[in-house]
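First to last, the protein sequences are chains C and Y. Using our numbering, read the first sequence as starting at 1 and increasing by one per residue. Using our numbering, read the second sequence as starting at 1 and increasing by one per residue.
Hints may contain errors.
Claimed, not checked - Label pairs and their in silico Cβ distance ranges:
#, chain 1, residue 1, chain 2, residue 2, range
1, Y, Gly-8, C, Asp-176, 43 to 53 Å
2, C, Glu-149, Y, Gly-8, 38 to 48 Å
3, C, Asn-45, Y, Asp-15, 47 to 57 Å
4, Y, Arg-39, C, Asn-45, 12 to 22 Å
5, C, Ser-150, Y, Gly-8, 41 to 51 Å
6, C, Tyr-105, Y, Asp-51, 30 to 40 Å
7, Y, Lys-9, C, Thr-6, 43 to 53 Å
8, C, Arg-127, Y, Thr-23, 26 to 36 Å
9, Y, Gly-8, C, Asp-104, 17 to 27 Å
Hints listed in this document are in silico derivations from the structure and should not be mistaken for laboratory results. Since this is a predicted model, take the numbers as computed values, not measurements. Glycine included, every Cβ here is placed at the ideal spot set by N, Cα and C.
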Amino acid sequence: MFPLLTGYGWNGTRYYDLETGQFVSNAAVREGLESVMDASALQMNALTQQLIDGGISLADWQTGMMQQIKITHTTSAALSQGGWAAMTQSDWGATGQLIRAQYDYLRNFAAEIASGKQPLDGRALVRADLYADAANGTFAEMGRRDAIESGFDEEMRELEDTINACDGCIEQAMLDWQPIGTLKAIGSQECSTRCRCEFKFRNSETGEER
Amino acid sequence: MPNKVPLGKPLELTDAELDAMTTADEIKKAQKEAEELWRKSVKPEIADLLDALDTPE
């Protein structure tokens, strides 16, 4: 007799319930990512408030932010790739490169705080929050990478909604299908890391879409 | 204008140091904490999602 399987599987494209075989909706996956980003934003906010209050040094703040960035983006990458078991050495490397870019932005943020160019007030709190939201861009980039490896050769940007989308995102969406890897990254337009656009992918030979 | 609170200096991290901190093997070390962040953040129904079995078609 086989033991009853519980939990989830990843079929290379989607999560599914091992017991029922039902797919986990994209909305549920996205909701999980949003929850992680919200929790992370709270931590980053608390760290930044401590810095504003003089409770921690700038170096301690930077160390704490880097740690939070690392675990948030790692979670996002793993979610995008199908969980821990599906993460290849190459995926870990790609995740590291995306985190490296965030560390670079943070180094600049810290330097601007030190110089006074970045005022230590509510604006610093808002800026710190962006690092948690940036995990959405990591989710999208890892998905794009996976699509390329799976043979998809075209991409298009889908707006979360047309009312709140920024001009840059609308322009990108109007380009319709383009060679994969040529559209601007999610989070690169005016709405920055608040962007909730998604990429769709297509195989131009088979017509398959993801 | 300088910020008023005593901040100290930022970390002096070179590009090479940032590169070394973000290799695949270094990032892998964050898995346990990332797993904890996931589990404490999401609804219980999907808490096991990241432990999905990899069963490619």
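* Asked: Do the Cβ positions of Y:Arg-39 and C:Asn-45 conform to the proposed distance bound of 12 to 22 Å?
  -> Given a distance of about 21 Å, which is inside 12 to 22 Å, the answer is holds.
* Hint check for Y:Gly-8 and C:Glu-149 - Cβ pair distance inside 38 to 48 Å -> Because 44 Å falls inside the window, the suggested range holds.
* Confirm or reject the claim that Y:Gly-8 and C:Asp-176 have a C-beta distance inside 43 to 53 Å. => Once the Cβ atoms are compared, 51 Å apart, the range 43 to 53 Å for C:Asp-176 and Y:Gly-8 holds.
* Cβ distance range 17 to 27 Å for Y:Gly-8 and C:Asp-104, holds or violated -> This hint holds: roughly 21 Å between Cβ atoms.
* To do: Starting from the range 26 to 36 Å, see whether the pair C:Arg-127 and Y:Thr-23 falls in it by beta-carbon distance.
  => holds (27 Å)
* Can you let me know if the beta-carbon spacing of C:Asn-45 and Y:Asp-15 is within 47 to 57 Å? => This hint is violated: roughly 28 Å between Cβ atoms.
* Take a look at whether the Cβ-Cβ distance between Y:Lys-9 and C:Thr-6 falls inside 43 to 53 Å. => holds (51 Å)
* How does the Cβ-Cβ distance of C:Ser-150 and Y:Gly-8 compare with 41 to 51 Å: does it lie in that range? -> The hinted range 41 to 51 Å holds for C:Ser-150 and Y:Gly-8, with Cβ atoms some 48 Å apart.
* So does C:Tyr-105 sit 30 to 40 Å from Y:Asp-51, Cβ to Cβ? -> For C:Tyr-105 and Y:Asp-51 the Cβ distance comes to about 31 Å; the hint holds.
Violated hints amount to a single one, hint 3; each of the other numbered hints is respected by the structure.
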